[in-house]
Structure formats: structure tokens, C-alpha cells
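Peer 1: Based on the sequences and whatever the hints tell you, model everything.
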Amino acid sequence: MKSLNSIHKTKTGSRSYLFLFLTVLSLTLTPSLYAQKEVSDSTWEVELNGTDKLVVLDFYATWCPPCKRMHPILEQLAQEYGSAVKFLQMDVDQNQLDDELGIDSMPTFVFWKNGKVLDVQKGATDIDSFRALIEKNK
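Heads up, the sequence shown is in my numbering, so the first residue is 26 and it goes up one at a time.
If you're looking for bench data, these hints aren't it; they were derived computationally from the structure. Errors might be hidden in some of the hints.
Result set (EDC-like, lysine to aspartate or glutamate): computed pairs, CA atoms no more than 16 Å apart in a straight line [to be verified]: (1) K93 / E63; (2) K62 / D124; (3) K93 / D151; (4) K111 / D144; (5) K138 / D77; (6) K163 / E105; (7) K111 / E70; (8) K161 / D129; (9) K111 / E72; (10) K111 / D151.
Peer 2: Given below as C-alpha cells:
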């Protein structure tokens, strides 16, 4: 016969796993309000030219470890800046714009405003340095 203590642990453990599963599922299925928007060769110009805000275009590759390391930093900055800064991303393996612009390292971040390139950051960096680039170009 099971003791009350072992039954409680089993039920609590099951609830914990269920809660964790449901939390992860909801985060996976709920798009982030401030997440970077994926653009392509055919959509990037509309996104850039349709605003007078600072636009940060992230050229990344899915296989790139530094790109993966930057993702949570960009998510945090997108939340901090809200609608004041537009964060876009483009997969270099699925598009040609990086070749046309001569981008040869991943990640590369291009800072645009009013249709002009203001700054370029090649490679991963820390959140404070990236925030300083945003403030410099905002």
C-alpha cells in the first residue's frame, strides 16, 4: 500500500510536468509581440521604406552559433524598445540580399533609417554594446 506522502509526491510531480509542458507549449504557440520579423528578398524593401524609425536588419544563418547567441539579446532589446525600433531578420541561406550587399559574416546587423545605412555590426556582441549602437543611430 502506498503512503500518503508517496501519493502526494507523485501527484505533485505529475502536475509540475503538466504545468511545465503547458507553459512551454503556450510560449511556443504564442508569437512574441516584439519578436523580430522575418523578411525575404521580396519583402525587405517594403519593411525598410515603410517607416521613418530605426530598422535593425539581422542577417543570420540557422546553423550559426553566434547568431543563436544573439537571438535572446535581440528579443530583449525588441521588448525594451517596443515600436520605437523595428527589428527584422533575414536568413542568408534562403535569400540573396546578403550577396548583393557584400555581407560575408554572420551575424551581420545593418542599421537603417529613412532608406539609408547608418551603421553595420559584424559578429555577435553583448547587450550593452548593441544597445549603444541603437542609441547612437536612433
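Peer 1: Are the hints correct? Go through all of them and say.
Peer 2: Hints and how they fare:
no.: 1; hint: K93 / E63; result: holds (15 Å)
no.: 2; hint: K62 / D124; result: violated (20 Å)
no.: 3; hint: K93 / D151; result: holds (13 Å)
no.: 4; hint: K111 / D144; result: holds (15 Å)
no.: 5; hint: K138 / D77; result: holds (6 Å)
no.: 6; hint: K163 / E105; result: holds (14 Å)
no.: 7; hint: K111 / E70; result: holds (13 Å)
no.: 8; hint: K161 / D129; result: violated (24 Å)
no.: 9; hint: K111 / E72; result: holds (9 Å)
no.: 10; hint: K111 / D151; result: violated (19 Å)
Violated hints, in rising order: 2, 8, 10; the structure is consistent with all others.
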